[in-house]
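**Student:** Chains as they are written, first to last, in the working numbering: chain R, 8 to 328; chain W, 8 to 328.
For the record, the hints were derived by calculation from the structure and aren't laboratory data. Do not rely on the hints blindly, as some may be mistaken.
No copy is singled out in the list; a pair is fine if it fits within one copy or between any two copies.
[As the list claims (entries may be wrong)] In the DSSO-like style, the derived pairs of lysine-lysine whose C-alpha atoms are separated by at most 27 Å in a straight line are:
hint: 1; residue 1: LYS195; residue 2: LYS286
hint: 2; residue 1: LYS104; residue 2: LYS162
hint: 3; residue 1: LYS247; residue 2: LYS170
hint: 4; residue 1: LYS161; residue 2: LYS104
hint: 5; residue 1: LYS313; residue 2: LYS195
hint: 6; residue 1: LYS47; residue 2: LYS25
hint: 7; residue 1: LYS25; residue 2: LYS280
Here the structure is a predicted model, which means the values were calculated and not measured.
Protein chains: 2
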Amino acid sequence: MHSFEELSVLFKEKFDHKHFPPEPPTLYGPGNYFLTIGGKRIRPVLCLMSNELFDEINPDCYHVATAIELFHNFTLIHDDIMDKAPLRRGMQTVHAKFNEPTAILAGDVMLIVAYDYLNKIKALYIHKIIHLFNRTAREVCEGQQLDMDFENKKKVNIEDYIKMIELKTSVLLASSLQLGAILGGAGKGNQLHLYEFGRNLGISFQIQDDYLDAFGDPEKFGKQVGGDILSNKKTFLMVKTLEVANEYQLKQLSELAVSDNTDKIAATLRIFKDCGVDKWAMELKEKYISTALQHLEDIAVVASRKEPIKKLVALLVKREN
Amino acid sequence: MHSFEELSVLFKEKFDHKHFPPEPPTLYGPGNYFLTIGGKRIRPVLCLMSNELFDEINPDCYHVATAIELFHNFTLIHDDIMDKAPLRRGMQTVHAKFNEPTAILAGDVMLIVAYDYLNKIKALYIHKIIHLFNRTAREVCEGQQLDMDFENKKKVNIEDYIKMIELKTSVLLASSLQLGAILGGAGKGNQLHLYEFGRNLGISFQIQDDYLDAFGDPEKFGKQVGGDILSNKKTFLMVKTLEVANEYQLKQLSELAVSDNTDKIAATLRIFKDCGVDKWAMELKEKYISTALQHLEDIAVVASRKEPIKKLVALLVKREN
């Protein structure tokens, strides 16, 4: 059994090599560049942790974990184009550093190479693995589309918003865990508990992210507190506020949306608090975490094997950045 | 045994249904729209013809043929964004009708669904099929990147240009044939003859396309004759002319490139003829066709089984539009 940190090192060793041929460098250079920007590689490591719940790590799991990480990076490259984002993790995005056509193609070829890795696994599990990987991949695209659709909508139901977040961010965490379980020979029940564990955990992370962006301790929070408010992003807090605010607060919010007053963040936060969405968000987050933990509890393996995952959850839930 | 026309009908019956779920329509509607624009579906039908060379059609071949056609349409959607093309087959391109982010995502999800079809085939051939499909998919991306790179280059070697055309258009024809052969249980030798048949035929088609765009009979040619010249496209004729023209001709060509004189097409055609690239192109085309036919000849199956493919080649080679 390995801890998250140990598996991160093991995965990094396997992942940090060239995934693309050298020629033409105008196509593959941008993909290589983006992969060096880094990231926590949390999805592939969750895949390995889930796999190790059931047995020693199946060597095929490294291929699937690699495919997951490449898929995730493909979505980031394309999302950055769609969102016109100039930076990611403080570095230039692919379309900003090169150009849009190159970023489209660099993403495309990264997705294709993800399937090269899936194609390395043995025949026994290949159909199940690609089936789940593909369903998830489609869902992630659906989530991104809904996110863009929502940006043009004045009001979004909190249920629709949660569904979008689930598709855009949680299903890939969930599937990473289930894919590891499949390769570990887990039965359907255990697979689904891992999926639900990941899905609920993923939603709770997003709530926490949104909460910290608004109410985080500036000393501990890595980014500018209030960044989401400044960019008028639809977050859990904003969507819920728009649902429960009174007419006067709604009018204030629509004025704040078009303002670049220095008071914009503070004034919006006051409305959030007046509407009680800070408390609501913390309660909702706790609800998702406790559902996630119940699914972890229900996985039918000896409790000691769950320790690394439990420790990771404790760490992630406590984080303040 | 079926003719190209019969297999086209059979494929159309299988292909003309919804490949995507209904929700969200903002994501899947654009993909459905693009597939209704049509096309000759030549690649999937070649896959079926190649499969039938060896035995009755393997039902899995329809899945692979569908994946090929979806992949091809994915590349068209993304290429149209990169090339800023407003129209395809007289209809609005996806990014023009909807918007760029939607076109990026509609392409992405179409590629993912192509793999859904590949994942339907039996375990016996799945690794080989995905391996060849993926190599080809990467090569098509490489071809598109080289094409864009070349647009910014003053001069391109004819060898490099042929390599680009091969990657961008021929390898998918070639692989469609080899994929059908694999599913037909063909040996490696026969597979490679089919691949080379398709690769050489594909290059000859492109030479013919470029030739007809310049020298085609306006009555028979579907599009405006000289369209490539008007848009300063690097074609076989132009690339070769830039290689063999004298200094005076080169000066004329660079003046014509920035001119919108009504004489632009006629003047460019005169230089093409003075440089002898019309004859050169016809000879080069014949060379590729005869190499293609030699590979068809060398396939070790009884000659009668090759008749449908031979008839198709005769038809395609004679076409004047």
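**Student:** Are the hints correct? Go through all of them and say.
**Tutor:** Each hint tested on the structure:
Taking identical chains as interchangeable, the C-alpha atoms of LYS195 and LYS286 are never at most 27 Å apart, the minima being 37 Å within one chain and 66 Å between chains. Taking identical chains as interchangeable, the C-alpha atoms of LYS104 and LYS162 lie at most 27 Å apart only when they sit on different chains, with a minimum of 25 Å there against 35 Å within one chain. Proximity of LYS247 to LYS170 under the C-alpha cut-off of 27 Å is restricted to the intra-copy arrangement: shortest distance 14 Å within a copy versus 56 Å between copies. Taking the shortest alpha-carbon separations for LYS161 and LYS104, only the inter-copy value of 23 Å comes in at or below 27 Å, while the best intra-copy value is 33 Å.
When the C-alpha separation of LYS313 and LYS195 is checked against a cutoff of 27 Å, the pair qualifies only within one copy, where the shortest distance is 18 Å, while the shortest distance between copies is 48 Å. For the identical chains of this complex, LYS47 and LYS25 are intra-copy neighbours only, at 18 Å inside a copy versus 38 Å across copies, given an alpha-carbon limit of 27 Å. Taking the shortest alpha-carbon separations for LYS25 and LYS280, neither the intra-copy value of 49 Å nor the inter-copy value of 47 Å comes in at or below 27 Å.
Violated hints, listed in ascending order, are 1 and 7; each of the other numbered hints is respected by the structure.
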